[in-house]
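Residue numbers (numbering that gives the first Met the number 0), protein chains in the order written: chain A, 0 to 413; chain B, 0 to 413; chain C, 0 to 413; chain D, 0 to 413.
Be a bit skeptical, because a hint or two may be false.
To be verified - Think about it this way: if two alpha-carbon atoms lie no more than 30 Å apart in a straight line, the pair counts; the simulated DSS-like pairs of lysine-lysine are:
no., chain 1, residue 1, chain 2, residue 2
1, D, Lys-43, B, Lys-43
2, D, Lys-43, A, Lys-275
3, A, Lys-43, C, Lys-275
4, A, Lys-43, D, Lys-275
5, C, Lys-43, B, Lys-43
To be verified - Output of the computed footprint for chain D on chain A, the stretches with three or more beta carbons under 8 Å from beta carbons of chain D:
no., region
6, 202-210
7, 361-373
Don't read these hints as lab results, they were simulated from the structure. Using N, Cα and C, we set each Cβ at its ideal position, and we do this for glycine too.
Listed below are the residues making up each chain.
There are 4 protein chains.
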Amino acid sequence: MTVSDVVELEGHIIDSGLMERAFTVVMDLGGEFDIEAFNVGESKTEESYCRMRVIADSEASLRPILHELHQSGATLADPSDATLEPAPADRVVPDGFYSTTNHPTDVRVDGEWVPVDDIEMDCAVVVSGVDRTPDGASDDGERDAVDRDGDGATAETRVLNAVSEGDLVVTGDAGIRVRPPERPRDDSGPFGFMRGGVSAERPSVSLIRDIAEAVAGTKARGGRVLCVAGPAVIHAGGGPGSAGNGFAVHDMERSMYGTSLGMDVETMEHPRKGHKHHIYTISEVVRAGGIEAAVEAGLVEEGVMYECVRNDREFVLAGSIRDDGPLPDTITDAVEAQNAIREQARRADLVLMLSSLLHSVAVGNCLPSTTPTVCVDINPATVTQLLDRGSAQAVGMVTDVGTFVPLLAEELLE
Amino acid sequence: MTVSDVVELEGHIIDSGLMERAFTVVMDLGGEFDIEAFNVGESKTEESYCRMRVIADSEASLRPILHELHQSGATLADPSDATLEPAPADRVVPDGFYSTTNHPTDVRVDGEWVPVDDIEMDCAVVVSGVDRTPDGASDDGERDAVDRDGDGATAETRVLNAVSEGDLVVTGDAGIRVRPPERPRDDSGPFGFMRGGVSAERPSVSLIRDIAEAVAGTKARGGRVLCVAGPAVIHAGGGPGSAGNGFAVHDMERSMYGTSLGMDVETMEHPRKGHKHHIYTISEVVRAGGIEAAVEAGLVEEGVMYECVRNDREFVLAGSIRDDGPLPDTITDAVEAQNAIREQARRADLVLMLSSLLHSVAVGNCLPSTTPTVCVDINPATVTQLLDRGSAQAVGMVTDVGTFVPLLAEELLE
Amino acid sequence: MTVSDVVELEGHIIDSGLMERAFTVVMDLGGEFDIEAFNVGESKTEESYCRMRVIADSEASLRPILHELHQSGATLADPSDATLEPAPADRVVPDGFYSTTNHPTDVRVDGEWVPVDDIEMDCAVVVSGVDRTPDGASDDGERDAVDRDGDGATAETRVLNAVSEGDLVVTGDAGIRVRPPERPRDDSGPFGFMRGGVSAERPSVSLIRDIAEAVAGTKARGGRVLCVAGPAVIHAGGGPGSAGNGFAVHDMERSMYGTSLGMDVETMEHPRKGHKHHIYTISEVVRAGGIEAAVEAGLVEEGVMYECVRNDREFVLAGSIRDDGPLPDTITDAVEAQNAIREQARRADLVLMLSSLLHSVAVGNCLPSTTPTVCVDINPATVTQLLDRGSAQAVGMVTDVGTFVPLLAEELLE
Amino acid sequence: MTVSDVVELEGHIIDSGLMERAFTVVMDLGGEFDIEAFNVGESKTEESYCRMRVIADSEASLRPILHELHQSGATLADPSDATLEPAPADRVVPDGFYSTTNHPTDVRVDGEWVPVDDIEMDCAVVVSGVDRTPDGASDDGERDAVDRDGDGATAETRVLNAVSEGDLVVTGDAGIRVRPPERPRDDSGPFGFMRGGVSAERPSVSLIRDIAEAVAGTKARGGRVLCVAGPAVIHAGGGPGSAGNGFAVHDMERSMYGTSLGMDVETMEHPRKGHKHHIYTISEVVRAGGIEAAVEAGLVEEGVMYECVRNDREFVLAGSIRDDGPLPDTITDAVEAQNAIREQARRADLVLMLSSLLHSVAVGNCLPSTTPTVCVDINPATVTQLLDRGSAQAVGMVTDVGTFVPLLAEELLE
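For reference, chain A alone in the conformation it holds in the complex:
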């Protein structure tokens, strides 16, 4: 005895790798397939279409196959509405809740495909604007009538710890549509160069030039550039930023003592004099009452934090257990810090991740797969890990951030 279900794939499904992935999923998970229809796009601009029956031994085997196909961008041929279940308690999701990918996603509510706002990986989807009763009875005529008068349903991602009792959470795979980004048809445009993954062979200077153009282009169009900066970055320039306590300490120590972790950054003449400067820096800024106060009091007179304060750039300093201090501006609670990062990440049009694995992972966790991202680190394993999120427009560069930033600045100032 076998069970089966039919899924559809549409778009540039061959060169985006979707067809390959679909075949592989079915075979890896022990299923069979029967192609019921296949129309190949005959030329570059035409889309293809495939209707595939997926066959398995049992419902239990079929379920994960369909789930995987789903996550990859296939949709059930005969869509039903998404199943909604109320959350039984705060921070507790219903059994079998749907956990998101980072790709654009729609859920079907009352026959309509509703886009999921603020898409982000590993979240629940909460639907609002439908007035279900807690037991999930959705066939109540009166409520439906009310809905139709209103603005209709909306859907958004919610991290687990932000789910409240009674939230209507999507469960199962039905009524959900995921659209993984396709390979762009056209290489031009500011992010055209972002397709090669990690570019070990390409000359660094030519890649830096492209990144500078992407930054300049984004700002010219009024977009936001989010810079995630590790302590290795010294003069990262403007833009809002996500960083850690250590970055800010390091940056202000440089202004206050002319050293960085105690080393004179210009002459290196007295490498031992100041290895306590970072702790004095923290102490001074605490005494002043925070970074803004320290800038205004003239304690900090240059550097990234100074420029952020003077030019009114937002910054988030996320705390971690390895911090000294911390500074009063550092958000020490991980959940609060994630929320602050999330807010920045959602509004970003281009993200530069500079030599900061911890903060870059945190930002990457909040990004949809459609946000262009540049990852720079001297450790190839870090770059690989950061790129491995299925982002359509991401490029990694294994280079020294200490030479990258000056060369980028040179290009931007030209």
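Based on the hints, put chains B, C and D in the right spot on chain A.
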């Protein structure tokens, strides 16, 4: 015109590198020296002694030289009491406060050398049991009399954010004695093998055997072994532990779903089926009410967390901004988490740092240089960074924690 | 004006990624395509077929597209014979010679598809058994008649420096068929586990168990296991081997002095005593007249080289410019050493590359994409580089060879 | 019963670490010491002196201690002449031959200290200009008389494979004086910055500025800069160079096809077009008859090899077993290539090792510890390995050679 001061060095000051460091400090910082006395220990067991006048152009040049010499273990020839200043406000230390090393340290209070408890790097030293008035008037005969009736002064480290208004904080360098660990005269003993730093050439299996002996010996003597475990560790065995949210999720996913980040750890047959298992694991444990509740409810039936609960081993799960969830047991506030880690670190007699840079740095920050430490990571840069704390008994191993743990367990169970 | 040509793709062209690659090649190189026929295999076991017209602006643009499609496994729809040109001089190939991939390849000679023997990357293809005149006139009836009497044409790869004047070398892309390995339909079999690329998440011990099974299975079937061993390997066990001068020196030093680069590998008690042992080892073996003589003279009494001599296992020691000595057995000429390696590589049924980048690259250069290969190194970048050859059955493991080898031996001896 | 011998140490023996090393050697190797005299240099410019009796249980234990002390710079208090033994055969050194360090060394011949020319690690020392009979009888009055008429004895290093039958080779430790470089008293001068080892914290641009000054200063003084270049270097500029076959192929491919390993280095537009270009490049250069011929024929019109030919800069291309081709200019025999490298290394006044582990190790093996050396690589383990040779003036930089070279060129051209 020059200024000068006299310092003394005592102990195995040649083979511990202290003499070399002292000469280098003076020359690097632009000073001159005049050796006033030098008695070399004539044989292996005799100590040496050196009295050195340090000469500089100005008080401003002399100060950092003396400070550095101090940190390295030299003491002023003519010791005075440590200077104590009350903290002007909560979390604000007096100007010029003394910032600790991680070496055993004494401060001189009322002519007596008082050991600093809970020594840890980059802290303030707070002295209690002396009833100074806020202006630091210590020559009040009556108070002194009272002190002599009591148990005398005590001193302890205090991280900056734990300093309270009015705490008597040591400032300057006077009246402070630092004792960096010396090279042991004898290689035998359970930690005799811990001297080579990073051992790239030595066969891994032979080093693992020594580590197993150190673990077994520590437990046999009733000591505590603290294990800092990254998600790469699967069956790390007993003992209290410092880890992160991800470690616990990963461990319990394995028990609940037989997978680790969705991969069946035994057969690898269905590598795609469960990449959402970690988020379901979190959701189930949240629903159960926490790790202990999940173990008791039979949800989690094996693994490190299970064993910790069943065998009543303490564990600290420190949160970070890259966490999913987090679990209810995870301490999300960085400062609170540091305090929990600090408590574990102080009581540890042997620390194993297994493939977890973030948590290992956090633990390492709290450790005195005298606690034996083993750092295992596949990334040589991580091991180097963790060892670079002047610990007398620390050994690093660049190896795969996935083969290290089974081989260590084999040795321990023999 | 446009030019075009028609190619065909056959087999499991979707899940092997061939269709995706074909579309990507055309678009990346600025061409257009028109799908003239597409029959998708309706179930898992049926093959697919695609006939695609490739269109470009000019002959100059079309050429590289067709070349790339070729290399990826597409064939010209209307095949002609391969073009053969005689080599103008020793070591000089004709203009536009065809440079091989490492995939199974056929060339069309006199209307017949002839398999290319000893396929290897970046070689010329030399055809024998056809008696062409130097001007390449192949339509001479008399000669053809002669051919048909003989055993027919044969084709083989030839590295550039082995080409002799007059060799008939394939030029251009016509009449060549490349078959990149397809994804196996079936995961079972001894190499079924070799598909995951670099396995960071999978427990090392479970992967080592699979590798042990692949080694045991290969030997049980009478196959050859080739071990490429760096100096980090100490007791790698039997089998023919490719290694370097340093490996053999290191191995025999251990037998002769009980040390490895001067360190006592068991006790580590006297880490400094013997850092000259490696140079004495070389000197002693030179004096003895070579490795075999040193074993027979009782100078070397254990270790890999000893076992190779005693058990009559072939070994190749390839020299390099960083060698001390070298040993008399080391092949110091790079071209001769490559030839010795090539001979071993061609006969191998399973290759273990253990912690030796230089030698592993050299062996990898000689391997067809169909030879199962296991790469073990502690540096992830090394593993990635070694795997990046389009091999169908290759698996990488980022682990410590010092723990890998004992664990593998344990599994093999069970 | 104990045996003992007396050694002397002289110079800045404390801050150079020599005293510490001496104590550690004795203790590590199980000996005892008795300081018979110790005069410490009272100020920065005065040297210190130590006479130390070394005591051990047996001659067999004492020997390695004295050997190690020797290698570290101690000399026997009561020097005798070096023992000379004739080599019994070509490439075979006498039993117990003295194997060199890379530090300046003298040997005592007929009561005179003779400097060893061309000092290099792991070599034999061959003494010429003394007419010993094969049995080593050096007390023959007649011969000595002859010597005193001549220019006297000379000594030089000889790699094992260059030793000829009858060469007078130094054996044992007696009559040998090693002078490890001391810490410079003065930080100024062109190489003053070269003391920090691997500089992770220091801003890259400031370090590059110092390196540029060292290069410019060396050339201004008429010195030679030797550049060891891996394929990652594109436009390294002038100077003689040691590199490999791959470097030259890569460089000329860029000139001939505008690509590097097939990738258009400027536009990246056609990343797939030319992955066979490197093999065509080799074929074309072979056809032309070599690099110089290819430049003269106009085949190669820019790049490093072009500039070397045009500006008459020496270059050595050392072959390896991973080479394609190789080019006619590549020295395929490892021993011959080492000799060519050795010749360059000996004449170098400053060595830049740029991203080429194999060639850098080969060059490093031939360098005395007194040659200033800069190692640049993106892999920290590579830099650590290259620096670990006890060179007095060596600095490592973990950075991207693709950004390092343009920034260095910018500084040099200013």
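Checked hints:
Of the pairs offered as hints, the one joining Lys-43 of chain D and Lys-43 of chain B holds, with about 27 Å between alpha carbons and a cut-off of 30 Å not exceeded. With a C-alpha separation of about 27 Å, the suggested pair Lys-43 of chain D and Lys-275 of chain A falls inside the 30 Å cut-off, and the hint holds. For the suggested pair Lys-43 of chain A and Lys-275 of chain C, the alpha carbons sit about 66 Å apart, so the restraint of at most 30 Å is broken. Under the criterion of a C-alpha separation no larger than 30 Å, the hint pairing Lys-43 of chain A with Lys-275 of chain D is consistent with the structure, at around 27 Å.
At most 30 Å may separate the alpha-carbon atoms for a hinted pair to count; Lys-43 of chain C and Lys-43 of chain B exceed this at roughly 77 Å. Counting residues of the region 202-210 of chain A whose CB falls under 8 Å from any CB of chain D gives 5; the rule of at least 3 is met. Against chain D, the region 361-373 of chain A contributes 0 residues with a C-beta closer than 8 Å to a partner C-beta. That does not satisfy the three-residue criterion, and the hint is violated.
Checked against the numbered hints listed earlier, the structure breaks hints 3, 5, 7; every other hint is satisfied.
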